[in-house]
Amino acid sequence: MAGNKSSLVVVPIDFSDNTPAVLEKALLLAGSPDDLRCIHILPNQAGNSPGAIWGKVDNSKRIDAVKKYFKEHYQEYNISPSQFEVRLGSAGFAIADYAEEINARLIVIASHGHHGLPKLLLGSVTERVIREAHCDVYVIRCPGC
Amino acid sequence: MKRKPLPVAILIAFVLMLPIAALTGPASGQDESIPDPFSDSPISPRAAIVEEAPVEESAAETVAAEEAATAETEEEQESDKPEEKPPTALQKIDSVFKNIVGLMEQVLFYRVFTSEQEYFQFEATSRAESRMNGKWVWESDGEYFYKEKLPKLLKMTKDEAEARAEQGDLINLDPAATTPVYFSVEHGGGAPIVVLWLAGGSLFFTFYMGFFNFWGFGHAIDVVRGKYDDPNEAGEVTHMQALSSALSATVGLGNIAGVTLAMTMGGPGAFFWMICCGFFGMSSKFAECTLGQKYRHVKPDGTVLGGPMRYLDVGLSELGFRPLGIILSITFTIMCILASFGGGNMFQANQSGTVMLEQLQETDKKELVRLNEALETANAAGNTQAVSDLSISIQTLQERIHNFDVNFRIVYGLILATFVALVIIGGIKRIGAAAEKIVPTMCGIYILACLYIIAMHIGQIPSLIALIFSEAFSPHAIGGGFIGVLVVGVQRAAFSNEAGVGSAAIAHSAAKTEEPIREGAVALLEPFIDTIVICSMTALVILITGAWNNEQWVINEKLAGAALTSRAFQSEVWFFPWVLSVAVILFAYSTIISWSYYGERSWEQLFGPRSTFIYKILTICFVFLGAVFNLGAVLDFSDMMILSMAFPNILGALILAPKIKRDLTDYWRRYKAGEFKKVN
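Line by line, the protein sequences give chains Y and X. Note that numbering that gives the first Met the number 0 gives residue 1 to position 2 of the first sequence, counting from 1, and the numbers run on in steps of one. Note that numbering that gives the first Met the number 0 gives residue 197 to position 198 of the second sequence, counting from 1, and the numbers run on in steps of one.
Rather than coming from a laboratory, the hints here were simulated on the basis of the structure. Incorrect hints may appear among the rest.
[Said to hold, decoys possible] Heads up, incomplete: computed chain X residues facing chain Y, CB under 7 Å, no partners named: (1) PRO230; (2) GLU232; (3) VAL236; (4) SER244; (5) HIS296; (6) PRO299; (7) GLY301; (8) ILE423; (9) ILE437; (10) GLU513.
[Said to hold, decoys possible] Have a look at the derived ranges for each label pair, beta carbon to beta carbon: (11) X:VAL106 / Y:LEU27: 53 to 61 Å; (12) Y:LYS67 / X:ILE613: 41 to 49 Å; (13) X:ARG668 / Y:LYS67: 52 to 60 Å; (14) Y:ASN58 / X:GLU361: 42 to 50 Å; (15) X:GLN397 / Y:ASN58: 48 to 56 Å; (16) Y:SER81 / X:ILE613: 45 to 53 Å; (17) Y:SER59 / X:PHE213: 51 to 59 Å; (18) Y:SER59 / X:LYS364: 51 to 59 Å; (19) X:LEU318 / Y:ASP16: 55 to 63 Å; (20) Y:LYS70 / X:GLU674: 28 to 36 Å; (21) X:TRP667 / Y:SER31: 38 to 46 Å; (22) Y:ASP16 / X:VAL405: 39 to 47 Å; (23) X:PHE675 / Y:PHE14: 28 to 36 Å; (24) X:SER316 / Y:TYR137: 49 to 57 Å.
Since the structure is predicted, the reported quantities are computational estimates derived from the model, not experimental observations. Using N, Cα and C, we set each Cβ at its ideal position, and we do this for glycine too.
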């Protein structure tokens with residue numbers, strides 16, 4: 000199975016406090032910084048927000064905003080815009096799908112993203128990724144998680 | 000990684016409980032003996048007004064006597080049911096909700112500053128003597144006396160009554176009257192605690208901000224006109240668009256039905272206090288929306304999460320009240336989610352359907368009244384053939400009305416739920432956009448219709464204005480005196496403009512600006528438009544057409560709320576009730592969309608953005624259920640939630656008030672120094 004894999008490493012980004020730790024670990028695990036592929040999953044947008052209703056916010060604008068945000072806040076990791084992907088959908092599935100699509104060899108993910116009630120309601124993204132992924136998953140037990 | 004089963008269980012129980020409670024609807028809700036809350040259908044002329052008052056009304060009136068009356072009618076309905084069944088689990092849940100509502104009502108509407116008051120009561124002899132909004136009405140020489148129904152009555156002589164009359168407690172007592180006269184003492188007046196809280200909050204903010212709602216008005220208009228719009232600033236929409244979205248959540252039945260209730264209950268004097276409440280409410284709105292903007296969270300994708308759930312948490316944490324902030328924030332969030340399901344959703348679906356239904360069935364219902372009258376005549380004449388004929392046609396007609404009612408509600412519920420689903424799940428923005436864009440137009444049409452009616456009676460304006468002022472301070476139309484009329488006016492206005500509740504802050508947070516004060520200034524226009532403009536229009540129509548004390552409509556036909564507004568409109572121009580019905584439906588739809596946004600943001604704060612689809616599905620289910628069933632207890636519960644939101648919200652805003660004040664001073668200094676460049 001491993002034979003067909005590319006050298007790419009997928010790093011899901013949730014913009015939580017763990018994100019820097021995950022990125023650093025991923026950089027260590029990847030053969031080269033160019034092998035990193037970051038991905039952020041946006042939930043689908045509701046049509047009832049003022050932005051949607053007045054046509055001021057749509058998915059392409061949201062994706063652009065996230066890319067800009069990533070560029071501004073994570074400059075020090077030198078990840079080029081082409082290495083950062085934004086998709087819409089359900090986070091766990093979308094991450095696993097993306098990894099399969101690009102034939103990644105590894106997904107590096109934090110053990111916990113959000114805490115408390117969201118997890119109680121849906122289970123964690125990490126669990127979902129582990130279950131769905133076709134490649135290895137490296138789970139970082141981060142401090143404070 | 001241990002899961003916590005308890006919160007999950009509670010959550011599941013909550014999610015399951017509402018639809019289950021909703022299912023108990025057909026048992027009580029579809030029963031013919033409970034007509035729709037707003038309109039008073041002629042099907043059940045024996046029903047008292049109290050029973051037919053809208054949901055929020057039942058919450059509003061907690062006079063002891065009325066509680067007794069409600070209990071009576073409930074018993075009556077119980078015994079009216081054709082078949083007695085042992086209570087099912089569903090009915091038990093419904094009764095649990097009823098108990099919760101009762102308890103909350105006692106807390107929220109606990110009356111403070113009550114005083115002992117003396118009332119006269121006359122035994123029923125004439126036909127004109129009846130109950131009007133829970134108060135006894137006694138007529139003499141064309142004058143009306145409104146008296147509370149009291150559980151304990153003390154008899155008093157006619158001489159004593161006459162003495163009372165001379166003191167001015169009773170006008171124009173007919174010396175020839177032979178009916179027994181009773182005299183009684185009751186703890187009356189006072190103000191419900193939630194009304195005091197809302198009014199107190201708005202007064203505080205008005206004085207603390209130095210009447211910014213007055214001197215900031217011009218600047219607010221400039222901002223809304225887009226003079227300071229900067230598309231590069233963070234946020235989603237322009238000031239004008241944020242204001243429209245927030246307005247579409249508040250403009251609705253409160254402006255049409257609630258105000259009419261205030262006028263019939265409180266008389267012209269309530270109008271004055273309503274306007275005052277609108278004016279002071281502007282400051283509450285300013286405060287909460289400034290905070291909403293100040294502590295909003297702009298997410299990486301550029302969308303905004305803001306409102307009381309944010310500023311209670313972050314704002315209070317900044318001041319070192321983190322535990323309090325978290326408690327208030329979570330309380331608010333849960334209340335807001337529950338409120339969005341009921342008052343912002345089921346209630347709207349139900350009432351808009353009812354208003355339309357009422358309009359469509361008007362001829363049939365009039366026919367039914369006519370047949371019933373004919374039946375009475377035939378009965379009196381002893382014409383058995385005619386009696387049986389009439390009974391059959393009445394039965395057929397009643398069945399037809401009932402069947403149409405059921406079918407219409409299902410179809411209407413499906414259509415409405417589909418349209419809501421298209422917007423909130425399908426992301427079909429155009430429909431939601433159309434609804435919200437149509438609200439200002441609909442407001443305009445409504446205002447024009449009202450102005451037309453007012454213009455038809457222009458000659459009455461001076462005397463009406465005199466009446467409004469005299470009744471505001473020394474009312475004759477209501478028991479409880481000056482405080483009583485004040486409470487009625489303030490309560491209706493506050494429930495309509497939702498100033499202090501905190502809901503609008505969620506919508507206003509979405510505005511594109513870096514200046515919280517600027518969006519706060521825009522928000523203060525909201526109570527102005529909602530209460531001082533739109534509510535006033537309804538109130539003036541009700542007053543100027545004389546609908547508020549029209550004996551035929553209010554006492555004999557027992558019209559109240561939207562139904563009375565509709566009748567007042569009809570008496571002027573025949574097609575205006577249709578304008579009203581369409582307005583109510585559009586207002587209801589846009590209110591559902593806006594409130595679903597409020598609920599969804601609260602849900603997001605509590606459960607994260609990934610699970611909002613659960614909220615959306617629940618919302619759509621509730622739209623349908625709300626349209627089809629009359630969910631008395633569940634709706635009451637949700638209504639209490641809207642009002643309860645004011646407690647965490649105003650408390651937090653009071654603690655954060657010095658920050659708003661500092662920001663305002665700073666903003667105004669920079670504004671005066673000309674630091675803000677105008678776009679045009």
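**Prompt:** Among all the numbered hints in the text so far, which are the ones the structure does not match?
**Reply:** 1, 2, 5, 9, 10, 12, 13, 16, 17, 19, 21, 22 and 24
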